[in-house]
Amino acid sequence: MLNKIPVIIDCDPGLDDIIGLLMACSSNRLDVRAVTVVAGNQTVEKVGENALRFLELIGMDIPVSLGFSKPLVRELVIGSDIHGENGICNIELPKTNKTISSLHAIDLMKKIVEESEKKITLIPTGPLTNIAMFILRYPELKDKIEKISLMGGGINGGNRTKAAEFNIYVDPEAADIVFKSGIPITMCGLDVTKRAYLLREDIYRIKDIENNISRFMMGIIGKLPKFKDKNGNIYCPLHDPVAVYAVSNPDMIHTKALHVDIELKGEFTRGATVANMGSRFNKKTNADVAFGINREDFVENIIKSIVNS
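According to the numbering used here, the sequence shown is numbered sequentially starting from 44.
It is worth saying that the hints were derived from the structure and are not from the lab. In this text, a Cβ means the ideal position worked out from N, Cα and C, and glycines have one as well. It is possible that some hints are incorrect.
[Unchecked claim] What follows is a set of in silico ranges between Cβ atoms, one per label pair, in the way DEER data are often shown:
{"#": "1", "residue 1": "Gly-335", "residue 2": "Lys-47", "range": "24 to 34 angstroms"}
{"#": "2", "residue 1": "Glu-310", "residue 2": "Tyr-181", "range": "32 to 42 angstroms"}
{"#": "3", "residue 1": "Glu-310", "residue 2": "Ile-277", "range": "34 to 44 angstroms"}
[What the hints assert, rightly or not] When the alpha-carbon atoms are kept at most 16 angstroms apart in a straight line, the in silico EDC-like pairs for lysine to aspartate or glutamate are as follows:
{"#": "4", "residue 1": "Lys-154", "residue 2": "Asp-186"}
{"#": "5", "residue 1": "Lys-162", "residue 2": "Glu-128"}
{"#": "6", "residue 1": "Lys-185", "residue 2": "Glu-158"}
{"#": "7", "residue 1": "Lys-138", "residue 2": "Glu-88"}
{"#": "8", "residue 1": "Lys-138", "residue 2": "Asp-104"}
{"#": "9", "residue 1": "Lys-299", "residue 2": "Asp-331"}
{"#": "10", "residue 1": "Lys-185", "residue 2": "Glu-160"}
{"#": "11", "residue 1": "Lys-162", "residue 2": "Glu-189"}
{"#": "12", "residue 1": "Lys-162", "residue 2": "Asp-74"}
{"#": "13", "residue 1": "Lys-269", "residue 2": "Glu-244"}
{"#": "14", "residue 1": "Lys-161", "residue 2": "Glu-189"}
{"#": "15", "residue 1": "Lys-113", "residue 2": "Glu-183"}
{"#": "16", "residue 1": "Lys-347", "residue 2": "Glu-253"}
{"#": "17", "residue 1": "Lys-141", "residue 2": "Glu-88"}
{"#": "18", "residue 1": "Lys-162", "residue 2": "Asp-186"}
{"#": "19", "residue 1": "Lys-141", "residue 2": "Asp-104"}
{"#": "20", "residue 1": "Lys-153", "residue 2": "Glu-189"}
{"#": "21", "residue 1": "Lys-327", "residue 2": "Asp-304"}
{"#": "22", "residue 1": "Lys-190", "residue 2": "Glu-343"}
{"#": "23", "residue 1": "Lys-187", "residue 2": "Glu-160"}
{"#": "24", "residue 1": "Lys-47", "residue 2": "Asp-74"}
{"#": "25", "residue 1": "Lys-308", "residue 2": "Glu-216"}
{"#": "26", "residue 1": "Lys-187", "residue 2": "Glu-158"}
{"#": "27", "residue 1": "Lys-154", "residue 2": "Glu-183"}
{"#": "28", "residue 1": "Lys-205", "residue 2": "Glu-310"}
{"#": "29", "residue 1": "Lys-205", "residue 2": "Glu-343"}
{"#": "30", "residue 1": "Lys-271", "residue 2": "Glu-244"}
{"#": "31", "residue 1": "Lys-250", "residue 2": "Glu-343"}
{"#": "32", "residue 1": "Lys-161", "residue 2": "Glu-118"}
{"#": "33", "residue 1": "Lys-347", "residue 2": "Glu-216"}
{"#": "34", "residue 1": "Lys-347", "residue 2": "Asp-245"}
{"#": "35", "residue 1": "Lys-190", "residue 2": "Glu-306"}
{"#": "36", "residue 1": "Lys-161", "residue 2": "Asp-74"}
{"#": "37", "residue 1": "Lys-237", "residue 2": "Asp-272"}
{"#": "38", "residue 1": "Lys-326", "residue 2": "Asp-340"}
{"#": "39", "residue 1": "Lys-153", "residue 2": "Asp-104"}
{"#": "40", "residue 1": "Lys-223", "residue 2": "Asp-272"}
Turn these sequences into a full structure, and let the hints guide you.
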């Protein structure tokens, strides 16, 4: 496909970020211009090294740039309880001779956006600190952003707390800036990502591919949280790849236009994404919130990514 969508992946790899990176880089619909990283699942230095090494593993020559090492106003909360001390549960990636870009993440974003003939789509799968600071620092470039497809939030509850999803919880002030920016947003929160899961038979299919990437991915999948449904079937939700899939396969995602506010002051609700679900509040919509996904096609995309890498 010649008419690829130019994208920048802003991430904090991160177990499921790695799967999202693979999907983006192997897609014949996306042109990944850069990978920028932000503190979230681990420190910015650790997730930057993970991104750099993983791109080397899959043979992609894409610039990687470090972004902000802490949220805009709060202390950094990292996801080491899920992602371990190196960000990918101590799974070792091969070392690389490639180096991190000398440009800060938001300056690399600026360079790519300014030089692109087409509008750039931003795909953040971590806290929104980099994206918010890009908007604040370079407001004149907002019109050159096609949209933001983000993994974050949850209209019906959270995973870091009962109210808040991790990415928004880490830097709610940044999320508030992004949702108020006027840039078109597709919000891929827990409402849809909980429907984007691997079943046991899907995991066996990945295992049976038997190439270097499938073996690495089996290690990643092995560390991801698993759950059981009411019938005892094991399933493994994949959150971050949904934001990538929503750009490459938008017709496979069901969204609803809503107004989303970010809770900044609540003692128990910090980082909650509060949506206007009814018509009586009459607020202008600011996000297409995803609620449904073609799970089977999503899984096929993941498997195809592994086969083709």
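Hint by hint, here is what the structure shows:
1. Remark: the range hint 24 to 34 angstroms for Gly-335 to Lys-47 is upheld by a beta-carbon distance near 26 angstroms.
2. Checking the proposed 32 to 42 angstroms range against Glu-310 and Tyr-181 shows it holds: the Cβ atoms sit about 34 angstroms from each other.
3. Against the hinted window of 34 to 44 angstroms, the Cβ-Cβ separation of Glu-310 and Ile-277 comes to about 36 angstroms, which satisfies the hint.
4. For the given pair, Lys-154 sits about 15 angstroms from Asp-186 by alpha-carbon distance, which is consistent with the 16 angstroms threshold.
5. Under the criterion of a C-alpha separation no larger than 16 angstroms, the hint pairing Lys-162 with Glu-128 is inconsistent with the structure, at around 37 angstroms.
6. Restraint check: the Cα-Cα separation between Lys-185 and Glu-158 comes to about 14 angstroms, which is no more than 16 angstroms; the hinted pair holds.
7. For the proposed pair Lys-138 and Glu-88, the alpha carbon gap of about 15 angstroms is at most 16 angstroms, so the pair holds.
8. The suggested pairing of Lys-138 with Asp-104 holds, with an alpha-carbon distance near 15 angstroms, which does not exceed 16 angstroms.
9. A hinted pair counts as satisfied when its Cα atoms are at most 16 angstroms apart, and Lys-299 with Asp-331 qualifies at roughly 5 angstroms.
10. As the CA atoms of Lys-185 and Glu-160 are separated by approximately 14 angstroms, the hinted pair is consistent with the 16 angstroms bound.
11. Taken as a hint, the Lys-162 and Glu-189 pair is honoured in the structure, with Cα atoms around 5 angstroms apart against an allowance of 16 angstroms.
12. Restraint check for Lys-162 and Asp-74: satisfied, since their Cα atoms lie roughly 12 angstroms apart, inside the 16 angstroms limit.
13. For the given pair, Lys-269 sits about 14 angstroms from Glu-244 by alpha-carbon distance, which is consistent with the 16 angstroms threshold.
14. Between Lys-161 and Glu-189, the direct Cα distance comes to roughly 9 angstroms. Compliance with the 16 angstroms bound is thereby established for this hinted pair.
15. Straight-line distance between C-alpha atoms of Lys-113 and Glu-183 comes to about 25 angstroms, which puts the hinted pair past the 16 angstroms bound.
16. Proximity of Lys-347 to Glu-253 is assessed by CA-CA distance (about 13 angstroms); at most 16 angstroms being required, the pair is judged to hold.
17. Pair hint Lys-141 plus Glu-88 holds up; C-alpha atoms about 14 angstroms apart against a cutoff of 16 angstroms.
18. The hinted pair formed by Lys-162 and Asp-186 meets the criterion: a straight-line CA distance of about 8 angstroms does not exceed 16 angstroms.
19. The hinted pair formed by Lys-141 and Asp-104 meets the criterion: a straight-line CA distance of about 9 angstroms does not exceed 16 angstroms.
20. For the given pair, Lys-153 sits about 14 angstroms from Glu-189 by alpha-carbon distance, which is consistent with the 16 angstroms threshold.
21. Only pairs whose Cα atoms come within 16 angstroms are accepted, and Lys-327 paired with Asp-304 is accepted, the gap being roughly 11 angstroms.
22. The straight-line distance between the Cα atoms of Lys-190 and Glu-343 is roughly 25 angstroms, outside the 16 angstroms bound, and the hint therefore fails.
23. Only pairs whose Cα atoms come within 16 angstroms are accepted, and Lys-187 paired with Glu-160 is accepted, the gap being roughly 9 angstroms.
24. Distance hint between Lys-47 and Asp-74 is fulfilled; the C-alpha atoms sit about 6 angstroms from each other, no more than 16 angstroms.
25. For the given pair, Lys-308 sits about 10 angstroms from Glu-216 by alpha-carbon distance, which is consistent with the 16 angstroms threshold.
26. A hinted pair counts as satisfied when its Cα atoms are at most 16 angstroms apart, and Lys-187 with Glu-158 qualifies at roughly 10 angstroms.
27. This hinted pair checks out: Lys-154 and Glu-183 have alpha carbons roughly 13 angstroms apart, not beyond 16 angstroms.
28. Taking the CA atoms of Lys-205 and Glu-310, the gap is near 12 angstroms; set against the 16 angstroms cutoff, the hint holds.
29. Of the pairs offered as hints, the one joining Lys-205 and Glu-343 is violated, with about 32 angstroms between alpha carbons and a cut-off of 16 angstroms exceeded.
30. Proximity of Lys-271 to Glu-244 is assessed by CA-CA distance (about 14 angstroms); at most 16 angstroms being required, the pair is judged to hold.
31. A hinted pair counts as satisfied when its Cα atoms are at most 16 angstroms apart, and Lys-250 with Glu-343 qualifies at roughly 14 angstroms.
32. For the proposed pair Lys-161 and Glu-118, the alpha carbon gap of about 37 angstroms is over 16 angstroms, so the pair is violated.
33. Our distance criterion of 16 angstroms between C-alpha atoms is broken by Lys-347 and Glu-216, whose separation comes to about 37 angstroms.
34. For the hint linking Lys-347 to Asp-245, the alpha-carbon distance of about 12 angstroms falls within 16 angstroms, and the restraint holds.
35. For the hint linking Lys-190 to Glu-306, the alpha-carbon distance of about 23 angstroms lies beyond 16 angstroms, and the restraint is violated.
36. Between Lys-161 and Asp-74, the direct Cα distance comes to roughly 11 angstroms. Compliance with the 16 angstroms bound is thereby established for this hinted pair.
37. As the CA atoms of Lys-237 and Asp-272 are separated by approximately 12 angstroms, the hinted pair is consistent with the 16 angstroms bound.
38. Our distance criterion of 16 angstroms between C-alpha atoms is broken by Lys-326 and Asp-340, whose separation comes to about 34 angstroms.
39. For a cut-off of 16 angstroms, the pair hint linking Lys-153 to Asp-104 is broken: about 19 angstroms separates their Cα positions.
40. Distance hint between Lys-223 and Asp-272 is unfulfilled; the C-alpha atoms sit about 37 angstroms from each other, more than 16 angstroms.
The structure fails hints 5, 15, 22, 29, 32, 33, 35, 38, 39, 40 (numbered hints given earlier, in ascending order).
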